[in-house]
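Using the hints, position chain F against chain G.
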Amino acid sequence: MKAPDFAYARPTVLSEVFDLLDGDGDVRLLAGGQSLVPSLNMRLSAPSLLVDINRLPGLSGIEARDGVVRIGALTRHGEIARSALIAERLPLLAMAAPHIAHAAIRNRGTFGGSIALADPAAEWPACCLALGATMVVASRAGERRVAAGDFFTGLFATALRRGEVLVAIEIASPPAGSVAHFSELARRRGDYAIVGLAAQVARAEDGAMDPRLAFFGVGDRPVLAEATRRVIAGGGGIADAQATLGRDLAPTGDAECAGATKLHLARVLLGRAMAALRTRGDA
Amino acid sequence: MSAGPDNARVVTLTVNGERVSRRVAARAHLVDFLRDTLDLTGTHVGCEHGVCGACTVRVDGMAVRGCLMLAVQADGAVVETVEGLTDRGAIADLQEAFLARNALQCGFCTPGMLITIAELLEREAAPSRAAIREAISGNYCRCTGYQAIVDAVERTLAARAGRAT
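Respectively, the protein sequence lines represent chains G and F. At position 60 of the first sequence (counting the first as 1) the number is 60 in the numbering used here, and the numbers step up by one without a gap. Add 283 to a position in the second sequence, counting from 1, and you land on the number used in the numbering used here.
Next up, chain G with everything else stripped away, as it sits in the complex (with noise of 0.2 Å):
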């Protein structure tokens, strides 16, 4: 199908996004439109004004500094699986981004765009949680900072507000022996997760692991399995943490399968992670 009529804008500079998402009518951010523009196509959504943001200057790219890699909003999908400074620093985005759809839809979407909408089932907002991102937002008021665990509100609800724009996401670099680990099942190559697990793991020199497991496609929301994190932080083994799953995970069912589905494969991913940790060479 084809996309519904609207109206198109494409600022140059910040203030001028303010003026436009300031105007009447369902305003909508365009960046790398990927899921906007399929949405546009089969009539999903009708906004009557895109503000098209690929062309504003200082939302792309990565940069480290001070133990911290900035990435820009607009900084697509591929840059970040091919960016060397990503795979040393933040080896789990690098591990999660072949995953993202294919070759030709990376070029284009942008790492920001799939933070905004916040789709349960996407591998960025999930990776954001286990990292302690930090979102660094825009107004006309001026910057704000979010944390991951505060952004992801609901199904595609965020903490942004209106008039805000998501500019650059933050993430420290993880603790040195920190290591990162990333699964997902799908039933095709590039199609959203069934239920992925993005997973940053701290371990000390007596080998007692840390981990932030941050599970996707799990419910409204991607989400931190803390409970199964004090288990294994207490030396649970692997049995352990996947009976305390459940404590943590209620998923809903949907197209793909059953709840109760979900959970059994997030406790198969689980096991799988734990099992590929203790037998990494650099653990």
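Because the hints were derived from the structure by calculation, they are not lab data. Certain hints may be false.
[Unchecked claim] The calculated label-pair distances, taken between Cβ atoms and stated as ranges, are:
1) F/A447 to G/G234: 53 to 61 Å
2) G/A260 to F/T324: 48 to 56 Å
3) F/R446 to G/G253: 48 to 56 Å
4) F/R443 to G/D206: 47 to 55 Å
5) G/A176 to F/R416: 31 to 39 Å
6) F/R443 to G/G234: 52 to 60 Å
7) G/R55 to F/R371: 27 to 35 Å
8) G/P4 to F/R425: 27 to 35 Å
9) F/G372 to G/E63: 37 to 45 Å
[What the hints assert, rightly or not] A short, non-exhaustive set of chain G residues, derived as facing chain F with CB atoms under 7 Å:
10) Y8
11) A9
12) H102
13) N107
14) R108
15) R189
[Claimed, not checked] Taking lysine to any residue pairs in the SDA-like style, the calculated list, with each CA pair at most 20 Å apart, reads:
16) G/K2 to F/H332
17) G/K2 to F/D322
18) G/K2 to F/H327
19) G/K2 to F/A308
20) G/K2 to F/D289
21) G/K2 to G/A46
22) G/K2 to F/G329
23) G/K2 to F/T320
24) G/K2 to G/P47
25) G/K2 to F/L321
26) G/K2 to G/R28
27) G/K2 to F/T324
28) G/K2 to F/A291
29) G/K2 to F/N290
30) G/K2 to G/M42
31) G/K2 to F/V328
32) G/K2 to F/L323
33) G/K2 to F/C330
34) G/K2 to G/L29
35) G/K2 to G/S39
36) G/K2 to G/D26
37) G/K2 to F/D319
38) G/K2 to F/R318
39) G/K2 to G/S45
40) G/K2 to G/S48
Yeah, the Cβ is synthetic: ideal placement off N, Cα and C, and Gly gets one too.
What follows is chain F alone, placed relative to chain G:
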């Protein structure tokens, strides 16, 4: 300078080496602009929601979905379609390998396949069979079962490696 909101605007872009300027509706997709306005019908339209890959074209050197980009967004861009890649001979060996290995039957997916594979061949010198399959996983073919397409890519890779040594 940025223009204010409008439901249509004039775009100027380079398509297959030629500078074109046209007024387009904001809602028009790049692929419809290429096919319907410029009569470049080599690029195909399939699912119109980014899944099938038939509409894949190059924008500023990168493979993108022509159905997930608006024509107005291509203002100032360099766009290349299968016609452009063919005319400058950039994928002649790949097209020859497609023929030799029967890597197409109905041909509907072929232009998108060629654009996707051309990018893979530029980015990676020696992708594995698994990497080739991963690269074309976003391009649906309902005829060949993919084996022949992967064969054709491997044949092209081998020939290019042979030429390079």
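Status of each hint after checking the structure:
1. Between F/A447 and G/G234 the C-beta distance comes to about 57 Å, which sits within the given range of 53 to 61 Å.
2. For G/A260 and F/T324, the hinted distance range of 48 to 56 Å is satisfied, since their beta carbons lie about 49 Å from each other.
3. At roughly 54 Å, the beta-carbon separation of F/R446 and G/G253 lies within the given 48 to 56 Å, and the hint holds.
4. Separated by about 52 Å at the C-beta atoms, F/R443 and G/D206 satisfy the suggested range of 47 to 55 Å.
5. Between G/A176 and F/R416 the C-beta distance comes to about 37 Å, which sits within the given range of 31 to 39 Å.
6. Separated by about 56 Å at the C-beta atoms, F/R443 and G/G234 satisfy the suggested range of 52 to 60 Å.
7. In this structure, G/R55 and F/R371 meet the distance hint of 27 to 35 Å, their C-beta atoms being roughly 28 Å apart.
8. Distance hint check: the CB atoms of G/P4 and F/R425 are about 30 Å apart, consistent with the given range 27 to 35 Å.
9. Taken as a hint, the range 37 to 45 Å holds for the pair F/G372 and G/E63, whose Cβ atoms sit roughly 39 Å apart.
10. Contact between G/Y8 and chain F, as hinted, is supported at the beta carbon level, the nearest pair being about 4 Å apart and thus within 7 Å.
11. Using the Cβ-Cβ criterion of 7 Å, the hint placing G/A9 at the interface with chain F is satisfied: the shortest such distance is roughly 4 Å.
12. Nearest Cβ of chain F to the Cβ of G/H102: about 2 Å, under the 7 Å cut. The hint holds.
13. With a least beta-carbon distance of about 4 Å to chain F, the hint placing G/N107 at the interface is held under the 7 Å criterion.
14. Hint status for G/R108: holds, given a least beta-carbon distance of 5 Å to chain F, under 7 Å.
15. Checking G/R189 against chain F by beta carbon gives a least distance of about 4 Å; that is within 7 Å, so the hint holds.
16. Between G/K2 and F/H332, the direct Cα distance comes to roughly 10 Å. Compliance with the 20 Å bound is thereby established for this hinted pair.
17. Distance restraint check for G/K2 and F/D322: the Cα-Cα separation of roughly 18 Å lies within the 20 Å cut-off, and the hinted pair is therefore satisfied.
18. Note on G/K2 and F/H327: the hinted pairing holds, with a Cα-Cα distance of about 15 Å set against a maximum of 20 Å.
19. Taking the CA atoms of G/K2 and F/A308, the gap is about 12 Å. The hint holds against a cut of 20 Å.
20. At most 20 Å may separate the alpha-carbon atoms for a hinted pair to count; G/K2 and F/D289 meet this at roughly 18 Å.
21. Between G/K2 and G/A46 the alpha-carbon distance is near 12 Å, which keeps this suggested pair within the 20 Å criterion.
22. The hinted pair formed by G/K2 and F/G329 meets the criterion: a straight-line CA distance of about 12 Å does not exceed 20 Å.
23. The straight-line distance between the Cα atoms of G/K2 and F/T320 is roughly 15 Å, inside the 20 Å bound, and the hint therefore holds.
24. For the proposed pair G/K2 and G/P47, the alpha carbon gap of about 14 Å is at most 20 Å, so the pair holds.
25. Taking the CA atoms of G/K2 and F/L321, the gap is near 18 Å; set against the 20 Å cutoff, the hint holds.
26. A C-alpha spacing of about 18 Å is found between G/K2 and G/R28, which places the hinted pair at or below 20 Å, so the restraint holds.
27. Proximity of G/K2 to F/T324 is assessed by CA-CA distance (about 17 Å); at most 20 Å being required, the pair is judged to hold.
28. Using a Cα cut-off of 20 Å, the hinted pair G/K2 and F/A291 holds, with the two alpha carbons roughly 15 Å apart.
29. At most 20 Å may separate the alpha-carbon atoms for a hinted pair to count; G/K2 and F/N290 meet this at roughly 15 Å.
30. This hinted pair checks out: G/K2 and G/M42 have alpha carbons roughly 7 Å apart, not beyond 20 Å.
31. Among the hinted pairs, G/K2 with F/V328 is consistent with the structure: their alpha-carbon atoms are about 11 Å apart, no more than 20 Å.
32. Taking the CA atoms of G/K2 and F/L323, the gap is about 19 Å. The hint holds against a cut of 20 Å.
33. Taken as a hint, the G/K2 and F/C330 pair is honoured in the structure, with Cα atoms around 11 Å apart against an allowance of 20 Å.
34. The straight-line distance between the Cα atoms of G/K2 and G/L29 is roughly 19 Å, inside the 20 Å bound, and the hint therefore holds.
35. Straight-line distance between C-alpha atoms of G/K2 and G/S39 comes to about 10 Å, which keeps the hinted pair within the 20 Å bound.
36. Straight-line distance between C-alpha atoms of G/K2 and G/D26 comes to about 19 Å, which keeps the hinted pair within the 20 Å bound.
37. Proposed proximity of G/K2 and F/D319 is supported: the alpha carbons are some 13 Å apart, at most 20 Å.
38. About 14 Å separates the Cα atoms of G/K2 and F/R318, which keeps this hinted pair within 20 Å; it holds.
39. With a C-alpha separation of about 12 Å, the suggested pair G/K2 and G/S45 falls inside the 20 Å cut-off, and the hint holds.
40. The straight-line distance between the Cα atoms of G/K2 and G/S48 is roughly 15 Å, inside the 20 Å bound, and the hint therefore holds.
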